[in-house]
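Each chain, written out:
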Amino acid sequence: MSEPMVKAEGVRKRFGRLEVLKGISLEAGTGEVTCLLGPSGSGKSTFLRCINHLENINAGRLWVDGNLVGYRQAGNKLYELREAEIARGRAQIGMVFQSFNLFPHKTAIENVIEAPVQVKRMNKNEAIGRGREQLGRVGLDDKVDEYPARLSGGQQQRVAIARALAMDPKVMLFDEVTSALDPELVQEVLDVMRELAGEGMTMVVVTHEMGFARDVADEVVLMDDGVIVEQGPPAEVLDNPREERTKRFLGLVLEH
Amino acid sequence: MARQADATDEIAAAEPPGEIQAVPVRHPGRWIAAAIVAVLAVSIANSVITNPNFQWGVVGDFLFDHRILHGVVVTLELTVIAMAIGIAGGIILAVMRLSPNPLVSGASQFYIWFFRGTPVLVQIVFWFYIAALYPSIDLGIPFGPSFIHLDANSLITAFVAAILALGLNEAAYMSEIVRAGIISVDEGQTDAAHALGMTRLQTMRRIVLPQAMRVIIPPTGNETISMLKTTSLVAFIALAELFYTAQLIYAVNYKTIPLLIVVSLWYLFMTSILSVGQYYIERYYGRGRSRTVSLTPWQRIRQGLLPRHVEREEIDETIDQARMRRGGGEHR
Numbered sequence: 001m002s003e004p005m006v007k008a009e010g011v012r013k014r015f016g017r018l019e020v021l022k023g024i025s026l027e028a029g030t031g032e033v034t035c036l037l038g039p040s041g042s043g044k045s046t047f048l049r050c051i052n053h054l055e056n057i058n059a060g061r062l063w064v065d066g067n068l069v070g071y072r073q074a075g076n077k078l079y080e081l082r083e084a085e086i087a088r089g090r091a092q093i094g095m096v097f098q099s100f101n102l103f104p105h106k107t108a109i110e111n112v113i114e115a116p117v118q119v120k121r122m123n124k125n126e127a128i129g130r131g132r133e134q135l136g137r138v139g140l141d142d143k144v145d146e147y148p149a150r151l152s153g154g155q156q157q158r159v160a161i162a163r164a165l166a167m168d169p170k171v172m173l174f175d176e177v178t179s180a181l182d183p184e185l186v187q188e189v190l191d192v193m194r195e196l197a198g199e200g201m202t203m204v205v206v207t208h209e210m211g212f213a214r215d216v217a218d219e220v221v222l223m224d225d226g227v228i229v230e231q232g233p234p235a236e237v238l239d240n241p242r243e244e245r246t247k248r249f250l251g252l253v254l255e256h
Numbered sequence: 001m002a003r004q005a006d007a008t009d010e011i012a013a014a015e016p017p018g019e020i021q022a023v024p025v026r027h028p029g030r031w032i033a034a035a036i037v038a039v040l041a042v043s044i045a046n047s048v049i050t051n052p053n054f055q056w057g058v059v060g061d062f063l064f065d066h067r068i069l070h071g072v073v074v075t076l077e078l079t080v081i082a083m084a085i086g087i088a089g090g091i092i093l094a095v096m097r098l099s100p101n102p103l104v105s106g107a108s109q110f111y112i113w114f115f116r117g118t119p120v121l122v123q124i125v126f127w128f129y130i131a132a133l134y135p136s137i138d139l140g141i142p143f144g145p146s147f148i149h150l151d152a153n154s155l156i157t158a159f160v161a162a163i164l165a166l167g168l169n170e171a172a173y174m175s176e177i178v179r180a181g182i183i184s185v186d187e188g189q190t191d192a193a194h195a196l197g198m199t200r201l202q203t204m205r206r207i208v209l210p211q212a213m214r215v216i217i218p219p220t221g222n223e224t225i226s227m228l229k230t231t232s233l234v235a236f237i238a239l240a241e242l243f244y245t246a247q248l249i250y251a252v253n254y255k256t257i258p259l260l261i262v263v264s265l266w267y268l269f270m271t272s273i274l275s276v277g278q279y280y281i282e283r284y285y286g287r288g289r290s291r292t293v294s295l296t297p298w299q300r301i302r303q304g305l306l307p308r309h310v311e312r313e314e315i316d317e318t319i320d321q322a323r324m325r326r327g328g329g330e331h332r
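Heads up: the protein sequence lines correspond to chains A and B, in order. Just so you know, the first sequence maps onto residues 1 to 256 in our numbering. Just so you know, the second sequence maps onto residues 1 to 332 in our numbering.
In isolation and in its complexed conformation, chain A is listed as follows (with noise of 0.2 Å):
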């Protein structure tokens, strides 16, 4: 495995009282996809927001790219980050979202060049025209001016990763991006997911889709209640799973 991209290290995170993370120690090869799989409130969308820092971590460490998350070490000492510092690291890490936050007032091409025009002071020109490239790529030329309520679930996606893409991301964050489509829209989405995996996009996915996740990931993660029950290739996790919780929960999604 070449140089990791994302790095984690006994990553603890509490919301008050409750522990969400208890300890997670991963590692997210450059030009691999990794999935993140497990029941509802396993700690996986936390991980996930924890990567581009929405969330801060209570203990471990994070890496993205070699670059600690939040913090600079100097010596045995942790700074935490200005909010400009994290802004630039968090402007490397694309995500996109189960409900899409696409900006409502704004149409499918302004969406796209918000952060480039804003956070990369990209010439407005230049960002129209390769937002234009980027909304090509997830299939949607058609619809570039568009405000996203008349766009179906599928096509708001969509431009939420072209609006991800359009930063030029070291690495890409999905947090069940599928989770609010309708049935008949959900593998539009997959699709540019699968072609980007192709591409070799690093790629950080949290999934129910469990064809997805046999198909293109290079790892499965298996995460219950706020630690990582067992990891490897698909084909190992997924066909022939060694942990008891693993097949009960493998158990209870491949039974639909």
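Just so you know, the hints here were simulated from the structure itself, not pulled from any lab data. Note that the Cβ used here is the ideal one computed from N, Cα and C, for glycine as well. Treat the hints with care, since some could be wrong.
Some, not all, of what chain A presents toward chain B, calculated at C-beta under 7 Å [stated by the list, open to error]: (1) 52; (2) 56; (3) 60; (4) 83; (5) 90; (6) 91; (7) 95; (8) 99; (9) 103; (10) 105; (11) 117; (12) 118; (13) 122; (14) 136.
Pair by pair, the computed Cβ-Cβ distance ranges are [claimed, not checked]: (15) 98/B with 73/A: 30 to 40 Å; (16) 152/A with 92/B: 13 to 23 Å; (17) 92/B with 248/A: 49 to 59 Å.
Go by the hints and put chain B onto chain A.
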């Protein structure tokens, strides 16, 4: 929902029934009510026209009197400047109120408590007499040397006192309106903006506030209309806005009622203009929200579009969707 499904069942049944031509239900109550309203309206209109005490001739003489027009301008100036202070101050106070720093949010809360808790008329008079409290105003380092020395008596004119009182009081109310708007924006929007590398300030300015505007505009329109009328309170400190100007005139010629009518007509005219403005601003900030952008009244007149037509299409769409959900798309 259940009703719709029933309707679909009927549509799906073999023979589609013809156009409905039922006998409409009679509404005698409505006719009686309409008759009462009509009689009342006619009698009021009659009294307004025939009662000589209204002195409509005098109203006409003074409606465009240059003093009255000047009063209108002063009223508009007060309204615009006070609302500008109120909105700017309201945004600052709302953002302060949402700050994680308890001292900052506490200061905002204290401000709101103080200015909402005292009558605006008292505040107006208070500002007018501020020179009695602080005869001079010094700008400089707190407890240190002062750079600028100002005489409060000459600085705080009636106009300045009025603007300060109305604007600062308005800021307290506006801050609650702005805060409600900010809270109404889904947190996912902030998440998405942060994930793209936008700072808190960028997120607030580019993503949250524009969406909050949809919630902020209607009550702000209300506040502006209310402010336009509240400016009449500054008659108390002898500032010649619309109402005080009228008072000055009828104090001399004793045409009290006609001049009050002149004033009322002007207030009605200005609030009507504001309402129209509010409609267009709301429309602007509502963009991207509804599936179909509603037409302005003018567009509707030009296109001669009946709203009924749109409704019909929407109903058809709903029935189609219901049909699809039941898996019977073939019957068309």
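Each hint tested on the structure:
no. : hint                        : verdict
1   : 52                          : 6 Å, holds
2   : 56                          : 12 Å, violated
3   : 60                          : 21 Å, violated
4   : 83                          : 6 Å, holds
5   : 90                          : 5 Å, holds
6   : 91                          : 3 Å, holds
7   : 95                          : 4 Å, holds
8   : 99                          : 5 Å, holds
9   : 103                         : 6 Å, holds
10  : 105                         : 5 Å, holds
11  : 117                         : 10 Å, violated
12  : 118                         : 6 Å, holds
13  : 122                         : 12 Å, violated
14  : 136                         : 20 Å, violated
15  : 98/B with 73/A: 30 to 40 Å  : 32 Å, holds
16  : 152/A with 92/B: 13 to 23 Å : 40 Å, violated
17  : 92/B with 248/A: 49 to 59 Å : 55 Å, holds
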